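Colleague: Protein chains in written order, with our numbering: chain L, 1 to 259; chain G, 1 to 219.
Since the hints were derived computationally from the structure, they do not count as laboratory data.
All values derive from a computational prediction rather than experimental measurement.
There could be a bad hint or two in this list.
Okay, derived cross-link-like pairs now, BS3-like style, lysine-lysine, Cα gap no bigger than 27 Å in a straight line [as the list claims (entries may be wrong)]:
no., chain 1, residue 1, chain 2, residue 2
1, L, Lys152, G, Lys15
2, G, Lys27, G, Lys15
3, L, Lys152, G, Lys128
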Amino acid sequence: MTSTSIQVSVVDVVASLALVAIAAGVSFWRRAELEEDIGIAVVRSFIQLTAIGYVINFIFDEDSLWFVIALIAVMVLFGAFTARRRARRVPDAFWPLLFALALAGAITLGLVVVLGVFKPQPRYLVPVGGMVVGNSMTAAAVALNRLGDEMKDHAREIEATLALGATSTQAAAPIVRRSLRSGMITLVDSTKTTGLIFFPGTMVGMLLAGADPTDAVRLQLILLWTLLGSVALAGLISITLAYQNFFTPAHQLREQPEP
Amino acid sequence: MLFELEGVTMERDGKVVLQDVTASLPKGASCVAGPSGSGKSTLLRLLNRLADPVSGTVRYEASDVRERDPLGLRREVCLVPQLPALLEGTVEENIRFAAQCAGREPDVKRLLDVAGLDDTFAERDAGKLSVGEQQRAMLARALALEPRVLLLDEPTSALDESARGAVEATLLHLRERVDVSTVLVTHDLEQARRMAEWVVRLDDGRVVTQGPVAEHLAA
Numbered sequence: 001m002t003s004t005s006i007q008v009s010v011v012d013v014v015a016s017l018a019l020v021a022i023a024a025g026v027s028f029w030r031r032a033e034l035e036e037d038i039g040i041a042v043v044r045s046f047i048q049l050t051a052i053g054y055v056i057n058f059i060f061d062e063d064s065l066w067f068v069i070a071l072i073a074v075m076v077l078f079g080a081f082t083a084r085r086r087a088r089r090v091p092d093a094f095w096p097l098l099f100a101l102a103l104a105g106a107i108t109l110g111l112v113v114v115l116g117v118f119k120p121q122p123r124y125l126v127p128v129g130g131m132v133v134g135n136s137m138t139a140a141a142v143a144l145n146r147l148g149d150e151m152k153d154h155a156r157e158i159e160a161t162l163a164l165g166a167t168s169t170q171a172a173a174p175i176v177r178r179s180l181r182s183g184m185i186t187l188v189d190s191t192k193t194t195g196l197i198f199f200p201g202t203m204v205g206m207l208l209a210g211a212d213p214t215d216a217v218r219l220q221l222i223l224l225w226t227l228l229g230s231v232a233l234a235g236l237i238s239i240t241l242a243y244q245n246f247f248t249p250a251h252q253l254r255e256q257p258e259p
Numbered sequence: 001m002l003f004e005l006e007g008v009t010m011e012r013d014g015k016v017v018l019q020d021v022t023a024s025l026p027k028g029a030s031c032v033a034g035p036s037g038s039g040k041s042t043l044l045r046l047l048n049r050l051a052d053p054v055s056g057t058v059r060y061e062a063s064d065v066r067e068r069d070p071l072g073l074r075r076e077v078c079l080v081p082q083l084p085a086l087l088e089g090t091v092e093e094n095i096r097f098a099a100q101c102a103g104r105e106p107d108v109k110r111l112l113d114v115a116g117l118d119d120t121f122a123e124r125d126a127g128k129l130s131v132g133e134q135q136r137a138m139l140a141r142a143l144a145l146e147p148r149v150l151l152l153d154e155p156t157s158a159l160d161e162s163a164r165g166a167v168e169a170t171l172l173h174l175r176e177r178v179d180v181s182t183v184l185v186t187h188d189l190e191q192a193r194r195m196a197e198w199v200v201r202l203d204d205g206r207v208v209t210q211g212p213v214a215e216h217l218a219a
């Protein structure tokens, strides 16, 4: 395999703002009123990625797994806060999300290291950990968002099932199933169509960096399949913990105030 | 007495819906009657602990319902809600689900018959039945638990006149075929006279009167 790293100058980065100008122009022309949001997105992405670039550089230089764990812990914390905003109808959603992201991250990274897929080094665990936490956050947020909506919309059916002497687990089972499916379906669908309709980011990045396409494909497959596992775990754990917050210990449906 | 409520106060969405209610419901056919918003359905939900009161005591067969296992209580005192709310699947799957909750093997054909449905309904998709048919399927599902008490929350309120008459006839014949007490919630005093022997009348969350229908709901 031959690999040549590409050099990206600040001028190249600035040049790509031309595409941002198109986005802002389209928004202005069609009165989508997204110009301010686009501006904020550009500034935030610049600051956040630059900052994380320095952090990753530092962690790579230190070559310590403790720094990797600390970085992923911060990601998990911010991920749980961010996902909670999508799950407003779920009471006390923060803790289920925090546990879900932490466990999904730990189990997934632990497995890929134990199976020898990646070496236990910051160079591998930082980027893979970031992808795992990010995708898990999205899946858990979508799953809990759906859970909150369905628990409200189907309160009548749930209470009718409880009235038969069913447990809260039995009463919530159809909703738990649909919510888990919602959380996972986006990644499952994108995994199905990968290579046909779009090229995923890792593969594109490797190809741009001059990697052998076969290596790029293999690494992409590993990441996609790893993410499937982490997304399933995050969805399952967050929903399993969160649905119980809708019920009392006596299997009664709690009154839900509007968020 | 089958049920006794003593000094029961209940709130929903921060509003008092039952205020210091003391009432009794004997075995047999009872009803809780009153206008919309008088707290009838809320009272019914307290009888099998779908909700707990803010204060006061609810007793079933002389014991506080809070001292009983809520799941066991609901299998013995089963509530059929006002609007049909069946699970996805066929009518038979719904009946089997309920029976399974109580650890029983249901006689689906007989249950459908008691609820006024012929046995072709077993394989019908529950979501594609008319409201009246769904209400009967709900009744068949509840009976699959072999409950000792059926709590019926306005079972005919969503039905047209002919369907209402048919469901009433089914409920009237129910106690001839099944050993079960019923507590019916209704806003219709005529229906209360037709269907019950004992009445508790509520208005604005308070008991107005209670006793035998013949004395307290004289035409």
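Colleague: If a hint holds in the structure, say so; if it does not, say that too.
Modeller: Hints, verified against the model:
no.	hint	result
1	L:Lys152 / G:Lys15	holds (20 Å)
2	G:Lys27 / G:Lys15	violated (31 Å)
3	L:Lys152 / G:Lys128	holds (23 Å)
Going down the numbered hints, you'll see the structure goes against just number 2.
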